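Protein chains: 2
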Amino acid sequence: MVRDEAKGKIKLVGTKLAKDIEDARNPTLDVPVRALSNVSYDTKSGFITLGTKTAKRFFFNVAHVRKFVQTIEAAASAKDLLEVGKHLSLREVFYRMKRTIPGTQINVVDEQEESNKAIEDLELITGVSREQLHINANKNGSAAGKIIIEDKGDSIDWSKLGSGGWSIPSNVEDIKFKKVDAKFVIYAEKAAEWERMHEDRVWEKLSCIIIASQGQATRGVRRLLQRLHEEHKLPIYVLVDLDPWGTYIYSVLRSGSIGLAHISERLAIPDVRYLGLTPDDVKKYDLGKHLIRFNEIDLKRLEQIRNYPWFKDDKRWQGFFDKMLALKGKVELAALTSKGITFLSDKYIPDKIKNKDWVGD
Amino acid sequence: MVRDEAKGKIKLVGTKLAKDIEDARNPTLDVPVRALSNVSYDTKSGFITLGTKTAKRFFFNVAHVRKFVQTIEAAASAKDLLEVGKHLSLREVFYRMKRTIPGTQINVVDEQEESNKAIEDLELITGVSREQLHINANKNGSAAGKIIIEDKGDSIDWSKLGSGGWSIPSNVEDIKFKKVDAKFVIYAEKAAEWERMHEDRVWEKLSCIIIASQGQATRGVRRLLQRLHEEHKLPIYVLVDLDPWGTYIYSVLRSGSIGLAHISERLAIPDVRYLGLTPDDVKKYDLGKHLIRFNEIDLKRLEQIRNYPWFKDDKRWQGFFDKMLALKGKVELAALTSKGITFLSDKYIPDKIKNKDWVGD
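Going down the list, the protein sequences come from chains Z and R.
Sequential numbering of the first sequence, starting at 1, is according to my numbering.
Sequential numbering of the second sequence, starting at 1, is according to my numbering.
Keep in mind the hints are simulated off the structure, nothing from the lab.
These figures come from a predicted structure and were not determined experimentally.
With a straight-line Cα cutoff of 25 Å, these simulated DSS-like cross-link-like pairs (lysine-lysine) come out:
(1) Z/Lys152 - R/Lys179
(2) R/Lys152 - Z/Lys178
(3) Z/Lys178 - R/Lys160
(4) Z/Lys339 - R/Lys79
(5) R/Lys339 - Z/Lys79
(6) Z/Lys347 - R/Lys86
(7) Z/Lys352 - R/Lys86
(8) R/Lys7 - Z/Lys339
(9) Z/Lys7 - R/Lys339
(10) R/Lys176 - R/Lys152
(11) R/Lys347 - Z/Lys152
(12) Z/Lys86 - R/Lys160
(13) R/Lys86 - Z/Lys339
(14) R/Lys178 - Z/Lys160
(15) R/Lys67 - Z/Lys289
(16) R/Lys160 - Z/Lys152
(17) R/Lys152 - Z/Lys179
(18) Z/Lys86 - R/Lys339
(19) Z/Lys160 - R/Lys179
(20) R/Lys347 - Z/Lys79
(21) R/Lys289 - Z/Lys67
(22) Z/Lys160 - R/Lys86
(23) Z/Lys179 - R/Lys160
(24) R/Lys205 - Z/Lys86
(25) Z/Lys289 - R/Lys117
(26) R/Lys160 - Z/Lys146
Excised from the complex, chain Z in its bound form (with noise of 0.2 Å):
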């Protein structure tokens, strides 16, 4: 979406609500309802959706009208931001947002969380994401290997960047894919694991792309995983410790969040790869002596994941966690620096993919 389309959207709010005044009627927003009432999972596409119930919010109505200006506020801000063709962050778009209304002493947002739930809302009633809207997420994250991508006019070889890679921007919607060798993409959880594969070589290798972020990977690096499989078809490896977190993560890349629902579309990837340690790898590769028990946290969060419904009617998921709670601990890929130094990346990572010995689609 070119920045014109998303202004024309942030107008048609505006044009909207100057009608309503023109009328005389009291202004008032259509917002799809964010509560999990109207969440669920839809099975054709893969993700968790946003369903079609929505609210109306009034300008004269006392208890809607904060959150009303507020939503105002946040389009002035987004369209300030199209307009000069620079982007913020949520905490600096807060900031501008925290405007005192003149002669009260009334500010339009307090706190964070009131401009961020403005932002969403935005997001909900343009149906424009916050990245398209200029207002950027956290930066976070490196890349290296078979591509050539265009960026604010520079041409970037990600096989040519030394042992540090690309640093990901928080924004990966004007990235242009000029030059694709990769067959493939391998997302790391953790930068270690990346700097192992990166320092071995393996996206030269296997010719492939490899990402990390850390931890849970942020919008920008969910983003770009998802543009490059739409946009070249390259396969999504998730490579991730054998625990609740590290299931939770490929979890969130494949199906979205409750969170981000109405956002699934753009960011969650239903046939990504499940590459991270497996029940079946502690005892192939004798990985026992370095299991750590699960606490009471872990084995809740177990739980709540396996019956998450793109899982819960899932045979071969469903004995994946039946084998984790069997093992009752997690087992780190860290843990495989045991077998070698250079196992991780000459050994597993080849072997998986050769023998088809994922999960998933």
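Fit chain R to the known structure of chain Z by using the hints.
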């Protein structure tokens, strides 16, 4: 230091122990003491240093043997890494060291804390840093600006990397600075400020380099800043929020920390300049409404920091802290957005640098 030198230092440790055994002496290691009693602020160098106290560690001593063996195991891991020219993270080395001693149920290490300590002891004994021993810290951070570096055979122009920049590796020892057109470096505490400066092309307008990690600078970032400062005489400016955490980040960059006292000389930058928000800025830029009140922890932290030896006798810094206390709260750089989207880049930074309005030497 080249790989061979590091290998030589490791070998020295082994040769000495072999000699002890040949001569039928109890094998011993001389380990510099890392307790507070052996740490002090060196006014001449301007940073925290380790004193000269050492302790003898014996192999035939029930209280010493576990640590003794761990240190030797760390040396063996470093030797392996140096020989094959590969690197591992601290976590990965832990798993390599977690070896079961043949014929027993005893692991050389059971917790990462043990392997971390053993590696630090090895740094102390050999005088070679962890990074030079091919054991890496965490990877985090981005860079952009007027410099071309060489790394792993790649030539990387930090001014041609799109919106993302270069992702800083955990280990920057082998990077070569090929062409430096920058006049100084700005280190930002947060990625959001880095993206602000990058989008506004501050590094181009002011001929500089911009670097960020996330909060406390990683060892890799600190070493990179120090190398740019020492090898190219570039002044380093630190851009942080006005709060005890921001002041602490500056303080560690300046003088080091107690935990890393043995490595200060490779990390500390005594004449680093504070470019962060000051209490005077709060008045000057009318940021009073964005004050976030200090809590008990903030106040305690502030009291500790202002009593650090390098701040205690510095009138300018004591005045700074007095005014901070009088404000009774903290202010974030992001609040400058209330003055204009690009205020930080177009006004705040250029003015401060032009008017030498920083704190430091």
